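Student: Now for the letters of each chain:
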Amino acid sequence: MFRPIEIDTSRCAQGAFRRRSGDGPTERDAGPAQVASLQAEPRTSRLTGILRAAAIGLAVGGPLPAAAQETVEILNVSYDPTREFYRAYNELFSAWWIAQGHAPVTLRQSHGGAGAQARAVIDGLEATVVTLALSADIDQIAERTGRIPADWQSRLPHNSSPYTSTIVFLVREGNPRGIKDWDDLVADGVQVITPNPKTSGGARWNFLAAWAYAERNGLDPRDFVGALYRNVPVLDTGARGSTTTFTQRGIGDVLLAWENEAFLALESLGDDAFDIVVPSVSILAEPPVTLVDGNIASDAQREVAEAYLDHLYSPEAQALALHHYYRAWDPSLAAPEDVARLPDLDLVTIADFGGWPVVQPKYFGEGGIFDQIYED
Amino acid sequence: MSDIVLSRPVPVTTEPQLARALLVGLAVLFAALFLFAPLATVFAEALAEGWQGAIAALSLPDAQAAIRMTLSIAAIAVPLNAVFGIAAAWAIAKFDFRGKAFLITLIDLPFSVSPVVAGLMLVLLFGANSSFGAWLMAHDIRIVFAFPGIVLATLFVTFPFVARELIPVMIEQGRTEEEAALTLGASGWRTFFTVTLPNIRWALLYGVLLCNARAMGEFGAVAVVSGKIRGETATMPTMIEMFFNEYLSVAAFTLAAVLAMLALLTLLLKSLLEWRHADLLAATRRH
Chain A
1 MFRPIEIDTS
11 RCAQGAFRRR
21 SGDGPTERDA
31 GPAQVASLQA
41 EPRTSRLTGI
51 LRAAAIGLAV
61 GGPLPAAAQE
71 TVEILNVSYD
81 PTREFYRAYN
91 ELFSAWWIAQ
101 GHAPVTLRQS
111 HGGAGAQARA
121 VIDGLEATVV
131 TLALSADIDQ
141 IAERTGRIPA
151 DWQSRLPHNS
161 SPYTSTIVFL
171 VREGNPRGIK
181 DWDDLVADGV
191 QVITPNPKTS
201 GGARWNFLAA
211 WAYAERNGLD
221 PRDFVGALYR
231 NVPVLDTGAR
241 GSTTTFTQRG
251 IGDVLLAWEN
261 EAFLALESLG
271 DDAFDIVVPS
281 VSILAEPPVT
291 LVDGNIASDA
301 QREVAEAYLD
311 HLYSPEAQAL
321 ALHHYYRAWD
331 PSLAAPEDVA
341 RLPDLDLVTI
351 ADFGGWPVVQ
361 PKYFGEGGIF
371 DQIYED
Chain B
1 MSDIVLSRPV
11 PVTTEPQLAR
21 ALLVGLAVLF
31 AALFLFAPLA
41 TVFAEALAEG
51 WQGAIAALSL
61 PDAQAAIRMT
71 LSIAAIAVPL
81 NAVFGIAAAW
91 AIAKFDFRGK
101 AFLITLIDLP
111 FSVSPVVAGL
121 MLVLLFGANS
131 SFGAWLMAHD
141 IRIVFAFPGI
151 VLATLFVTFP
161 FVARELIPVM
171 IEQGRTEEEA
181 ALTLGASGWR
191 TFFTVTLPNI
201 RWALLYGVLL
211 CNARAMGEFG
221 AVAVVSGKIR
231 GETATMPTMI
241 EMFFNEYLSV
251 AAFTLAAVLA
261 MLALLTLLLK
271 SLLEWRHADL
281 LAATRRH
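Top to bottom, those sequences are chains A and B.
No gaps in the numbering here: position 57 of the first sequence is 57 in our numbering, and each next residue is one more.
No gaps in the numbering here: position 96 of the second sequence is 96 in our numbering, and each next residue is one more.
No incorrect hints appear here.
Now the in silico label distances, taken between C-beta atoms and shown as ranges:
#	chain 1	residue 1	chain 2	residue 2	range
1	A	Glu375	B	His139	41 to 47 Å
2	B	Lys100	A	Gly294	45 to 51 Å
3	A	Ser94	B	Leu103	49 to 55 Å
4	A	Ser94	B	Ala27	53 to 59 Å
Which chain B residues face chain A? A few, computed with CB under 10 Å, are given here:
#	residue
5	Leu124
6	Asn129
7	Ala146
8	Gly227
9	Gly231
10	Glu246
11	Ser249
It is worth saying that the hints were derived from the structure and are not from the lab.
The model shown is predicted, which means the values in this text are computed figures rather than measured ones.
Ideal Cβ positions, reconstructed from N, Cα and C, are used throughout, including at glycine.
Here chain B stands alone, though its shape is the one from the complex (with noise of 0.2 Å):
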């Protein structure tokens, strides 16, 4: 191996140095202009009164029933679609079954439905004007216009962010370690706790957070199911959008700061974690 001497490193593109200039001006360019500049104007204008603006938008009891609504969401949705998504995921890889390409066209559904579709499709099922809608009404159980109709919302339209990750890398990965494990004795859990999961535990990371990350933004379906009552049901993206029109921008865009610090935060997070683990993630293949 000592006989290999390095020299300089030779470049593989063979592009001129301008058009590589070009090019990454360019992308950077349009990073500044498309992502950076319109974040940067929700920072200035949620801090167009100082800090003071800012908190007092935050201490409003409208926003922080807002915020706590978002989390409380996030925390009830995340889960149950990391676990739905796995189990999805874990079906299609690892098994041949009929009807399985239907099932990934099913999965997939909540990405070509407009999330506006998804609200009304709750409000047609749950609502006064269907039959089950006016049972549960009846026995005084509210779905749509409250808390699990909002979440049953956020629930369809986040569906497909865990699986969507995990299936391709599951196939991938093939099952011959879990069949590896289950001759030697493992149980299936045991299979399941100690080959699958730390396989495809970076894809499973990745996504939990774009799921979080929508389920905290929703807007569309969460608006339509939401009934728009201040302090109950309006969620961060629902209440921005109200304070807004109410020509209270420093509370609108305090709020707009907030849900994309909670984003940023997600992504701080998984960049965190990705360089904390960099050697494990260069040994399992994808992100």
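Isolated chain A, as found in the complex (with noise of 0.2 Å):
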């Protein structure tokens, strides 16, 4: 902190510099024709003054824990998909926020495998609200914390899940494989990539997709599943990375994905690259959103992350979600040809397995249907 003192010679004849010890400031005997040398302080308190501001804006801007700031702070703990969307929902909820005479808030996002991301908020992470890919990972949170309540599926309309999404096939331009439907996923050589059904919601509906058609057609669902999955050279952790081993690496004949997340990959990564399979038979995935009681701090957090979960379930956010490839159940704002682009197609659900209660620790539970063919 020691400031270097330039010494002007002919500055000295006329007025005497006296320095104090240490980084003091340097004092000076103002003689009368000193008056023009006096222009050198500002610029040293300028700097000095610009060094303070960097100073006060690291501190500020630091994450360093921020004294007492008032702004309400919601964060969205939600799955791998949903990342778009929700960067386009924040802003859209915060500009109707704002609209409604409130005050702006904080809305931070968290993205990852959904059962991943129910692990982080059992082990603390807090979650204001959770946006997952399925009810049994919520489940697991309310039953490991006990900060959201048994019966969350019922406090908001459709099972709480403001839009749905279904399970299709994504294969590289022309469909060079010719695959049309699940049977041709466990033909000889053929590569499928789908995440890890312990870690990935989105696996967990695929898995039980290729379940389902095998059931309708008179197969044995076991060594069926047992046969795709052994089709299946990497088990990535949630549904992004698998997208990201197919488009960006190269690897496999055919993706098993959401819906939503095979027409992001066409959007982001152009259309001349890969297609789209519908299936004969899929199933109707119902990613649901709760609040998490047990992380409320305050009275005006629970105020906005209810309005945050509600207003999901209004006509723009139904457009917003349709418009993100997601099949919301109100249409009634959204652009024709963004409904028109989803196919019908013969959906199966959750409900049909016996709902998730029985299939999580069924099928996917620790030495569960999943971890017996999985090591066959």
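Got two chains here, separate frames each, mind docking them using the hints?
Tutor: This is the structure:
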């Protein structure tokens, strides 16, 4: 912190510089002829001013705990493919919330494989709301932390799922392997890309959709799904990881993907590289949302968080979900082409399997059917 | 001395010209293929949409928050580990005590433990499922999925760098100079600052630079404890992955290029210092 002092001999003749010890300010006896040299002073003070401003900027903008900021903050812990939708929805909600006469809020996002995200919330990630891929993950949080009531799924319409999706196939341009339906996936030499059902919600929907196809077509589902997983070279932890494995790293012949994820890949990477194949049977995937009651810090935060989830059901947000390739419930404000591009297909539901409380332990729990199949 | 006639320099290696050229060529080819080409690709991808694209990417609030985060972490973790490293190396090199070998093994632990495991250890220790973590949460102290957890993870992973650089140098130098200083009446601190520190400064600098590079680049351990909250707990490496996963490849590679440039800058700084103090460097034995 020593400030170098340049001594101009011509000025020294007119007034004496005196220097205090350390980094104290320089003092000078301002003689009558000294006035002109005083202009050196503001320059140093401007420099220290800039340094001080930078230091303050760093302190305020830095990630150190910000002192007493009154803005309400919402942390939405979500699964992988919702990144683009929630980025858009957060803007929509912010604008709507301010238009309602409220103070601006800070909306934060965290994305990853649904199972891994649920695990993080269980370990203490302070989510205000969770918007995960399937209700079993939220059940896990409710069961293990008690921060969500057990009957959470009845709190919002449509099983707390403001939008739904399904599972389709993404294949390489021109479909060189001629993949048309689930039974083409078990053929020799076909490489199927799907994430790990242990960590990814989408992967569990993939698994159940394949199972449903086998049941509908009189095949042994266990053998059929086992044959399918023998064709899987890599199990990523989340849906987006599988998508990048398939699209960017060029591994595999077919990707089992969320319908919205498949459309998004076409949109982002060009529809001349991939084609979507719609199978004869698939599953109605219901990604639910809920408030994490135990993490709510204040009434103001609860009010924003509840409005944040309720507003997902508004016609504007539903149109936005449709625009982001989700199958939303209310198409009244949606562009017709956003609705028309989602094909009609035969969808089984999770209720056909007995609901997630039955399905989760039976198929995906420790030693469950997936473990048995994958060990073979 | 004048009667020594320096004739043409005699090559000390006896390998034929061809073999040497081949070896050098191989080394250059390897460096070009595995070091330069990937780095060049990163910069090319970052500039795929021109300078405007890269500048727009860097002005994203998430990118700026990630840069600030990474710099803050390095600013805390590197000085702390420099102090810890000097203390550990000093204890090991200058003193004899029981359990010294154990301490050396302990210092190496972060090298042998996978960063992911390091992150999970922190989650298990400070997470809501441990009694200590529950106590912290009850008192509104957030460690994991917040800034302190990321600093702890970085501290753990980068701990050995400084100590590992210093220990061999300090052992090699022995303790005679310190003993001389002490017998001449210097205090402990004075001995440290005028004798020990000047002797180890190059090793220390090298250790600090390595520590800094790793602190800024650490991914595995940080990813586990960060909770991946954009704009809040995302560091540069985790933000790069997020951008890449969101098809924002220009943003991902621009941030990657900045991270690479920060690393190159530290290397440049090291070379510059070595070059400016070449004579001093020759006087002290290593580095």
